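J.: Listed below are the residues making up each chain.
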Amino acid sequence: MNPRKFFVVGALALTFLTTPSSSSAEMLRRISIDTLVMSSDLGVIARAVSADTTMTDGQVMTHTTFIIDEVLFGDSGAMVTVVTPGGVVRGGPIPFMVTTDGVPVFNADDKVVLLLTESSNGLHDITGFSQGHFPIRGEGLNAELVVEGSANPVPLNRFADMIRRLR
Amino acid sequence: MFKHVIQIFIIVIVLVSQAEAQGVAGRSFSGIQYTDGAEPIEFPGLPIVFQEADRVPQLWDKRCAVLDYVFDSSFVPEGLDLDDVEAEIMAAFDAWNANPSSFIQFNFVGSQNIPETAFAASNFVNEISFVVFNGSARSLSSSFIGPADLIAGQDIDNDGDIDVFAPDGEDNNICQDIDGDGDTDFPAGLYAGGAIFDNDVVLNPEVDWSVNPEDGIDLRAVITHEFGHSHGLVHSYINQFSDIDSEEPTMNPFFSPDQASRRSLSEDDLAWSAYYYPEGSENEGLAAVQADEGDIAFDEAYDIIKGSVFQGDQPIVGAAVTAIISDGAEERRTVMTFSGKNKSLVVAGAEPIPQGFFSSISFPNPLDAIVNGDFELPVPAGSDVTIDIQSVDGTPYSPGRFSSLTGLASSLGQNNFPEEGYVAGFETAVEFAPDATSIVYAGTPTAEDIDFVLNDVSVVQNFTANPVQDLSNIPTSEVLVAAGTTTLAERFDRQAFIDQFVQGRFLTGTNILTTGTEQTVIPAFTEVSLVTGRLVPGSDGAEQVEIDRVWETNLDAIGQSGDLTPYTFASNLQFNLPLFIRLNNDPSLDLYVLITAEDVPVLDQETFGVAVQNGVMNGTAYRAVGGGSLTALHMDDAEEPDNLGRSLLIQLTFTQFGTPLIAHDHLP
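First to last, the sequence lines map onto chains A and B.
Under this note's numbering, the first sequence has 160 at position 160, and the numbering climbs by one with no breaks.
Under this note's numbering, the second sequence has 1306 at position 306, and the numbering climbs by one with no breaks.
So here's chain A without its partners, still in its complex pose (with noise of 0.2 Å):
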């Protein structure tokens, strides 16, 4: 059977994503977005670019890299890489997934503001688990960027500035 072929054009690494290695099974304390930026070390407007997934003693995470597009409060590189639990293991005898519900879900080239905190070796946790990601949506010069997770999304310019008005 020949392989069926699609032709995407533009970049191809652009339209990767995660396999929903999603959703951490993890009950959590809701957490204020004043709290959540004042207890994160890093924010970020910042876009998904690569990812791996390793298995270490049992243990299955996957590390997101992101080009940061923006700081809004904290030090940092270019680039910086998120660790979320569970993931798509390979390479044994029988492929197999960790999942754990509410982990936040990245796509190739998502465009997302994070909340981060600094965890070991210069890599970061999102803080309050899932409750420092925030999606997205929206492109372009003259489009409205607008970042969901309330109840209507808001112009992402906004938010930042909400962000950084809050640090």
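The set of hints was computed from the structure by calculation and includes no laboratory data.
Since this is a predicted model, take the numbers as computed values, not measurements.
Treat the hints with caution; some may be incorrect.
Computed list of chain A residues with no C-beta within reach of chain B, every gap over 12 Å [claimed, not checked]:
hint, residue
1, 68
2, 69
3, 70
4, 71
5, 73
6, 74
7, 75
8, 76
9, 77
10, 121
Reference listing, derived: stretches of chain A covered by chain B, where coverage requires no fewer than 3 residues with Cβ under 8 Å from a Cβ of chain B [claimed, not checked]:
hint, segment
11, 52-64
12, 89-98
13, 108-120
14, 125-133
Heads up, the beta-carbon is just placed ideally off N, CA and C, and yes, glycines get one too.
We have chain A already, so just place chain B on it with the hints.
T.: Just chain B now, with coordinates in the frame of chain A:
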């Protein structure tokens, strides 16, 4: 020109087998099952090949649904002792095991000092451990990317130990530690994608755990929740059972102030455990009814409502569909699910994924990820049920808290419609009374084709940029409803109504945020009214609202916790035209939504009462206390036009009627 399409759906009552019912992933995690016959897909220049895969329920296989758990006793946090922890684990297991219509079974086999394997995703030992991590409590499940054909003698995890055995009969065809080495071995055979083979629950010891709900975070309530995830269940969107019961299911995503209530399972929790693990779905074995053990067949305890959610011809995924059962004076939000089925393009084969590559790829047309908008709701047999749908739009919870369905809906912009109810015989895109008034089920086994068509509405809201809402951060000083009679009014410019009406849109309802409470207080708005009024100078010279006419009043309105609570104007067909004429002829009039509450206690910040907040724009919000005048609210932060984080959002919803009734040119 506006197109007016009426779609008619016929309700058919038929009996379906439970086997079919298990196929819908609405309230389960989603696993990966490569689509039958799907061809590999290459992207030129890339070293990996993809294949289409269905997102299927992630559940324990029937052969493995007796789950043995071990507690890792290597670390017990200060304040707890081992006996307490073990007792709480067993109590939480008992809560799930007591479900008479679910065959899944949790067994606690004891404590062992096994710190090296806590968290291990594929060691075939289900562990409960205290481990420091970024979070409070977590349940991690490992599942096969299927179909997985396990062959006798196979070492699945490459640890030198054989994990698959050849069953020598049906009695032996179950997951068990057949070689006595402490982990689970699997009978050979085919396992579907999404079949869970390992689950671990981890608890962060830095949390202030307690076995007493009054003294800290209640360990039992939290692990009962986590063991729900261990089934494969995702969070519930029910944020409040009714207008007189502000509790939530155990599978609600957030900690509850009333922790003890989460120790007991609600009908929502029980129904989904039973739906995915139905007693009576087999004639023999674990899934067969053991009457002497108190089992009740799923088919006897529950019936199923089936349907789809559409917007035009487009299936909608991730819509929260809720069954409401009327029990005398109380309408209870009883069981909910998320609509739809989706699929992914997943890396094919079993080879490792090259470094840096994501494990799946988006469809060139993102809508291709949607298979359908189907839902199934198991509801208690013999009740009268109405249902409604609402979008997972951030109120009360964000789409990321739930499943891949709600996440997909978010990325596609699908979860942005106003809440509406099912209206039998008139479930169309043009509903003028989109309230959940139709009983879709009344003691029959299955109600099928309960198909929602999203109402074609436009929304006018009191300001355009509502920010992230956060109920946990409301300063007491901004609780605007207190003891005595309080009326809050939000003004909408007359032109907002006129502009909608001349385009052929009828005002059919309003949505109000935040009406909610956080537990402990019964939310009670005695009235929600639509009025016309004008601003006049009061005796002190300050502006106040003079009410011109009341167009409709809803009594005893329900306030859901943190939700956009909808109120439908039942008489809209009568009042829209005269309302237009009145507003159009008198430029001094505007439209107001009035919300009245009686004797709501002012509580502290953590347990506030009916927290209607404002501070959006000076000149739009008014308040009357104790029957006095409606005078302007001037919040401290009202100078901030964004006023991020603290606001009362009110929306007016307009339903598309058809061809514009009056051309703009004819207006004065």
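J.: Evaluate each hint against the coordinates.
T.: Do the hints match the structure? See the list:
no., hint, verdict
1, 68, "holds, 18 Å"
2, 69, "holds, 19 Å"
3, 70, "holds, 18 Å"
4, 71, "holds, 20 Å"
5, 73, "holds, 16 Å"
6, 74, "holds, 17 Å"
7, 75, "holds, 20 Å"
8, 76, "holds, 18 Å"
9, 77, "holds, 18 Å"
10, 121, "holds, 14 Å"
11, 52-64, "holds (count 7)"
12, 89-98, "holds (count 10)"
13, 108-120, "holds (count 3)"
14, 125-133, "holds (count 5)"
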